[in-house]
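A.B. asks: Protein sequences appear in the order of chains W and R.
One point on numbering: in our numbering, the residue at position 9 of the first sequence is 9, and numbering is uninterrupted.
One point on numbering: in our numbering, the residue at position 208 of the second sequence is 208, and numbering is uninterrupted.
Everything labelled a hint here was simulated from the structure, so no lab data went into it.
Predicted model only: the values in this text are computed from it and were never measured.
One or more of the hints may lead you astray.
Said to hold, decoys possible - Computed Cβ-Cβ distance ranges for the label pairs, DEER-style:
1) W:L131 with R:R118: 30 to 40 Å
2) W:P220 with R:A24: 32 to 42 Å
3) R:R171 with W:L4: 48 to 58 Å
Claimed, not checked - Facing chain W, a subset of chain R residues (Cβ under 8 Å, in silico):
4) L72
5) V124
6) L127
7) M134
8) R147
9) I162
10) A203
For each residue, glycine too, the CB sits at the ideal point set by N, CA and C.
In case you want the letters, here they are:
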Amino acid sequence: MSYLRGIAAIYWKDVLLEFRTRQSIGTMLVFCLTIVVIFNFVFEPGSEAVREVAPGILWSSFAFAGILGINRSFSFEIDRGGLQGLLLCPVERSTIYFAKVLGNLTLMLLVELVTLPIFAILYNLPTQINLPGLALALVLGTLGFAAVGSLLSALSANTRAREILLPVLLFPVSVPVLIAMVKSTGPLLAGRPFGEVAGWLRLLLGFDLLFLAISSIMFPYVVEE
Amino acid sequence: MRNAEARTRIFDGALWAVTSLAIAAALYAVFLYAPTERTMGDVQRIFYFHVASAWVAFLAFFVVFLASVLYLATRNLQHDLIAASSAEIGVLFTTLVLITGPLWAKPVWNTYWTWDPRLTTTLVLWLIYIAYLMLRAFAGEEEKTARFAAVFGIIGFLDVPIVYFSIRLWRTLHPKPVIGGSEGSGLHPTMLITLLVSLIAFALLYATLLRLRVRLERARREVRRARLALNA
Numbered sequence: 001m002s003y004l005r006g007i008a009a010i011y012w013k014d015v016l017l018e019f020r021t022r023q024s025i026g027t028m029l030v031f032c033l034t035i036v037v038i039f040n041f042v043f044e045p046g047s048e049a050v051r052e053v054a055p056g057i058l059w060s061s062f063a064f065a066g067i068l069g070i071n072r073s074f075s076f077e078i079d080r081g082g083l084q085g086l087l088l089c090p091v092e093r094s095t096i097y098f099a100k101v102l103g104n105l106t107l108m109l110l111v112e113l114v115t116l117p118i119f120a121i122l123y124n125l126p127t128q129i130n131l132p133g134l135a136l137a138l139v140l141g142t143l144g145f146a147a148v149g150s151l152l153s154a155l156s157a158n159t160r161a162r163e164i165l166l167p168v169l170l171f172p173v174s175v176p177v178l179i180a181m182v183k184s185t186g187p188l189l190a191g192r193p194f195g196e197v198a199g200w201l202r203l204l205l206g207f208d209l210l211f212l213a214i215s216s217i218m219f220p221y222v223v224e225e
Numbered sequence: 001m002r003n004a005e006a007r008t009r010i011f012d013g014a015l016w017a018v019t020s021l022a023i024a025a026a027l028y029a030v031f032l033y034a035p036t037e038r039t040m041g042d043v044q045r046i047f048y049f050h051v052a053s054a055w056v057a058f059l060a061f062f063v064v065f066l067a068s069v070l071y072l073a074t075r076n077l078q079h080d081l082i083a084a085s086s087a088e089i090g091v092l093f094t095t096l097v098l099i100t101g102p103l104w105a106k107p108v109w110n111t112y113w114t115w116d117p118r119l120t121t122t123l124v125l126w127l128i129y130i131a132y133l134m135l136r137a138f139a140g141e142e143e144k145t146a147r148f149a150a151v152f153g154i155i156g157f158l159d160v161p162i163v164y165f166s167i168r169l170w171r172t173l174h175p176k177p178v179i180g181g182s183e184g185s186g187l188h189p190t191m192l193i194t195l196l197v198s199l200i201a202f203a204l205l206y207a208t209l210l211r212l213r214v215r216l217e218r219a220r221r222e223v224r225r226a227r228l229a230l231n232a
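This is chain W alone, in the form it adopts within the complex:
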């Protein structure tokens, strides 16, 4: 019980901090929309090819924007010695990791929530999107990305290269999650029934649990000081 309370306390600290400073969410959102607009230039206007690659564009935007937030989740702790404070908390080290995953998940889901309708309008997607299924796919996919991302952010934030290193570390490792995300989102965006992507979603859930387990075991080794 106290384990969960620890997670909630650190998570709440981050939410409050973000609410008061709004350092990440605004930049992430604008960046996400910018990428959506830029991808538009790849296609002929009104071309049918757009629908086929829509899930790929969507996830590229989410992942690129997500990197910004995930990067900050540890780098701002390091700037003013916040990490030392966190490490002095009377909680297990993995508590910090899970709180950060939750924080990054929240940030990315907020960005996705705003971007998705705009994306649907700009790219003229069919109106019969399978919304409950899509919501589940977004949560599972983003969780997997945040699970690896939060650990690697703790790594990269502590190096000399700081923010530049995270994308290089994170993207190749998260290839399985990215594939499963794109494959499950495609049919759902086209309004196909849930059963068609159930396999991919189950797989995504498996990846999430696996990455959460490995990362939470490795996290204490990253922050030991």
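Position chain R against the provided structure of chain W, taking the given hints into account.
C.D. replies: Structure of chain R alone, referenced to chain W:
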């Protein structure tokens, strides 16, 4: 002390000699002993280098994984020396795989590249370990470099089968004409022998390179430590 030094020198010399012999034997086997493949012709001979490089690359990354686990468990920097050196050699051999593959694929498949699971996984593997080397270059102090690299070395290695699995699913759900030949099946005995000789030669080359690289890395760190001590 002098005795140990002499023994190292003898071992080094022996390793060099055996490796050179094995490579000469592999060259002989590949170009003169092995028969010419009926449909692919002489270009198929690159197979012996291609496959041997791939296996040695996997061996090298497995060594990185083992050394990383050992480092986190014992905190002995000796293990980190091995991990760092083996990762670099692994990237070298993966690069060879990625160069010899398209060279072979162009005349046989009529394309340099295809997004088949094995090719794609190899490319992702290569990217993961280049990221590993970059992490090492930017981490900072020696102890931190070792610790961070060990964490990433473990995650990267565990990730590879997951990557392969997900790419295979992605591809089989998306059926495509099969262009890849099944190279493992029905290999002619002389071809199999040639492959084995080539494998042994590459494994010995790996051992020789690893030994050299570890020694270089150790010397480099000693110099850095000495320089820090002078500045302090």
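A.B. asks: Go through the numbered hints given earlier and state which of them the structure violates, listing their numbers in rising order.
C.D. replies: 2, 3, 10
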